[in-house]
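K.L.:
For reference, the chains in residue letters:
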Amino acid sequence: MSPIHYHVLLALGDEPKHGYAILREIDERTESMVRLLPGTLYSTIKKLLAQKLVEECAPPRQADSLDERRRYYRLTELGRRLATEETDRMAALVRRARRKGFAGSR
Amino acid sequence: MSPSLRLYRWLMRLCPESFRARFADEMLEDLAQIIETTRRERGLWAAKLLYIRALFDLLRTAWSEHPVPKTATPSPGTRTDAMTRHFRDAIRQLAAKPGYTVLVILTLATGIGATSAIFETVYAVLLRPPAFSDPEELVIVQETDLVRGSTGDDASPANFADWRAASKSFRGLAAMAMTTVNLTGQGEPEQLQALRVSATFLPVLGIQPERGRVFAPEEDRPDGERVVLLTHGFWQRRFGGRDSVLGETLSLDGNPYRVVGVLPASLRFPNRELDLFTPFAMNADEAQQRSSHYLTVVGRLAPGVSIVNAQEEMTAIAAALERQYPDTNEDNGVAITSLHEHLVTGLEQSLFLLFGAVSALLLLAVVNVANLLLARGSARLREIALRSALGASRSRILVQLMTEALVLSAIGGAAGVLLGHGCVSLMGTLVPLHLERGITGFHPATYVFALVLTAVVAAGIGLMPSLSLTRRGFTSMLRASASSTRATGSMNRIRRALVVCQVALALVLVGLGTVTVRSFVQLSRTDPGFRAENLLTMRVQLSGTRYAEHAARVEFYRELEERISRLPGVSSTGAVSMLPLTGGGGSVGFDIESPLEPPETDPIAVFRGVTASYFRTMGIPLVAGRGFDSRDGPEAPKVVIINRSLSQRFFAGESAIGHHLNIWGERVEIVGMVSDVQQFSFAEEPRPAIYVAAPQRSWGYFDPKEVAIRTRSNPEALIGSIRAEVWAVDPEQPVAAIRTMDTIVVSSLSEDRLRTLLLTSFASAALLLAALGVYGVVSYVVSSSTVEIGVRMALGASGRTVVGWVLSQGLRPVLMGVTIGVALTIALARVLGGYVAIAAPGQPWVLVISSGVLSFVALAAVLIPAIRATRVDPLRSLRAD
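From first to last, the protein sequence lines are chains S and E. Using our numbering, read the first sequence as starting at 780 and increasing by one per residue. Using our numbering, read the second sequence as starting at -13 and increasing by one per residue.
Because the hints were derived from the structure by calculation, they are not lab data. A few of these clues could be false.
Ranges of calculated distance between the beta carbons of each label pair, as one might list FRET restraints [claimed, not checked]:
{"hint": "1", "chain 1": "S", "residue 1": "R848", "chain 2": "E", "residue 2": "A431", "range": "39 to 49 Å"}
{"hint": "2", "chain 1": "S", "residue 1": "K879", "chain 2": "E", "residue 2": "H52", "range": "38 to 48 Å"}
{"hint": "3", "chain 1": "E", "residue 1": "A431", "chain 2": "S", "residue 2": "Y785", "range": "51 to 61 Å"}
{"hint": "4", "chain 1": "S", "residue 1": "K879", "chain 2": "E", "residue 2": "P2", "range": "39 to 49 Å"}
{"hint": "5", "chain 1": "E", "residue 1": "E369", "chain 2": "S", "residue 2": "F881", "range": "39 to 49 Å"}
{"hint": "6", "chain 1": "S", "residue 1": "R848", "chain 2": "E", "residue 2": "W(-4)", "range": "21 to 31 Å"}
Here the structure is a predicted model, which means the values were calculated and not measured. Beta carbons are placed, not taken as given, at the ideal position from N, Cα and C, and that holds for glycine.
All chains, please: the whole structure from these sequences, using the hints.
P.N.:
As structure tokens, then:
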């Protein structure tokens, strides 16, 4: 799974979001190390939709009227499972890397 | 939607239809929002950067969203398939070499952008007809002096009335005159730019008000109701575009005027800074004046009447008036010019010069790109040879190369239009105020121009390399590409010829640039005749019944000067009818009592009414005699001060002090002489000037209205307290045009500065392009001759010999280019000689400097590959073969 796909799935992990909220989430979570732009984001969403990893959903009730017009996306079961597997894979990878002495000085 | 978002939306068309239909709205909305957030959180530049990244992101997305054909050799399909394939191949080829592609696109964008921006200016100023209905029928009718040969004087009211009564050539004649009025009774008093017009003015121009109505004929009579039309800008600025202003009454110069309408925003004639229009409503005295000339007369020709017909009729009318009123109309003729021609007189030269220069630059850019393509083309010989060996027809390869050129110039053209669009507002400086339009963006005609230009550029950069590459037999190509030695003789010849062109063109541009810079430096070093630093100026024009008496005006300025001079930080204050370098100001004819010898021409001098402390305040040195002082009151004998030019012209260097002049029937004595001041511009020779002491009598238009204040430190800090002093003398008195003298000096040079800036940037760009061209060719010669160099060095040639050989290879086309360039420049100077003031690049010193600069730069460009050539390892180069 490409890092960008993973980031988008991660962004949708806790609640459904619209595109802009996904961009913000990724930006904040990575402290602007990863800054997605609309082209890449929707190209990614298109692929994730096609792979049935995310799906469109109704706006959450607390959304204000401006946000209501937007399309919301949420993880599918498949998407959540895949993201979890990916996380485990990466965690294992990190553990192995640490053992080989790649640990950063924290 | 902002233009940047619109561009983004437009570029989305590159994405497949299905993708767009699904995501376009969301993408746009998100983009707008992240840009806004970024702007708020990290500032404007971060937001701009982000936008540019988003554009690239979009292009990348568009590229990746298009399905890539599965097979490398697509099945032969329709013609459109083939075209798409060509385009996709071309884009792949270009994307594979991003550095080269960006260089080419930037070169083309600069050329196309600059040319389009200048074209827009030329088009807006010279080619586009004025924005009136049937503009070709509109003419300007002016008085002329048949003896002095002057053309284009304003008309007097009585002559205008007679013209209107007697002529049949016009559907309508209208008059206008600029004036200023003071608006009071509504917040801060304000001085307004007003146009007095005859009731026929708007109908003749064919203008409908945006709100309300035009003037009725009875309102143009002295007993008619006082009415006013607001310009759109003034209506917006002062009344916030409120409709209820119609019918309201404004107090102008103390008189009530009823607002009857608002003019359309599109009306910018006769200038862009007017606030309101009022009818003339001349009283009998004014209407009968035949000797004061201040009306600009506009006419609309009757159907079927040409300017020549109208001219014949008006000449006859003028002759009849001359017989009838010999005192005032002796030698008076009439001249009719089309309105358009009248507006653009004097602008063609400098604009066409710029257009010529920028076209030369574009040509240079095209040559450079053609050269680059050619260089790359020869690097691709093997590929082309292979393709043709595999059965690709010559035309197919030609189309492929042309497609690449087309893609390059299309992107370059699009980028150029964006670039030009960004720069075009800069050109507004070149459009004088009296033209009824500013430049805000590109007119559709400019887009068409840019499009045509792009097509021509594509043909230019594509055809030459394509033909020269495919003309060669394919076998020889294969052979040539197999061994990289002496690959391509004919191609080299073409490239050298291109370098010769580049150097020649660059020399012409560098010559032009040199002359412009020199004349600009000279201009800005010219002594204005006064000290501009720490000098604040403002217009305090008195009007209305309160100041109808001359004594009241004198008293106002006396008290104002006294109050301002008492302010801390102010060292002196003076007033004048018109400050230097602010345009206009008026002249007067005079007679010399018992002259040493009768003057050859009727003496005319710049005329200024001043208060006693004006010269001291401005720092204009007194050269002889005395200045004005408290002696020179209304009862005392009338005195004047002249400038040095007048003394030299009419008194042949003898002392003029004590001589008498006659001005407007008044006998005046010359009591002093001051040094010359650049009254109108830095470029012109100082003219004779006469200064009169304002307190002695009223000189009408020449009474002081501009105040100059000399301060000890930053004058702008005093603006508030000075304005307060004006309002302490009269709370209803507007203060206008507050600026420092430094600002006036800088803005009087702004047009020259912009022209210099443009021409020097063209020259520098040309120099750079020429250097790149030379460098490219020589590098190529060196790299394709490594074997030859290797052999020479193996046979004992020293590094110096090798450098010499490369230099001779590289500098030969340069010298040829310089020679042709010098000849071109001289020819150009001949053609333009005396026509354009700055077109003196044919002078020897210019030729020497520009060929020197060019040769130096070219030498540097040749030396780099020459030195690289000495590092050739003979063994390795021989082995490589």
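K.L.:
All the hints need checking, so say for each whether the structure fits it.
P.N.:
Do the hints match the structure? See the list:
1. For the pair R848(S) and A431(E), the supplied restraint of 39 to 49 Å holds, since their beta-carbon distance comes to about 40 Å.
2. Between K879(S) and H52(E), the C-beta spacing of about 42 Å keeps the proposed range 38 to 48 Å intact.
3. Checked against the hint of 51 to 61 Å, the pair A431(E) and Y785(S) passes, with Cβ atoms roughly 52 Å apart.
4. Restraint check, K879(S) to P2(E): a C-beta distance of roughly 45 Å satisfies the suggested window 39 to 49 Å.
5. Range check, E369(E) to F881(S): Cβ separation about 44 Å, and the 39 to 49 Å hint holds.
6. For the pair R848(S) and W(-4)(E), the supplied restraint of 21 to 31 Å holds, since their beta-carbon distance comes to about 23 Å.
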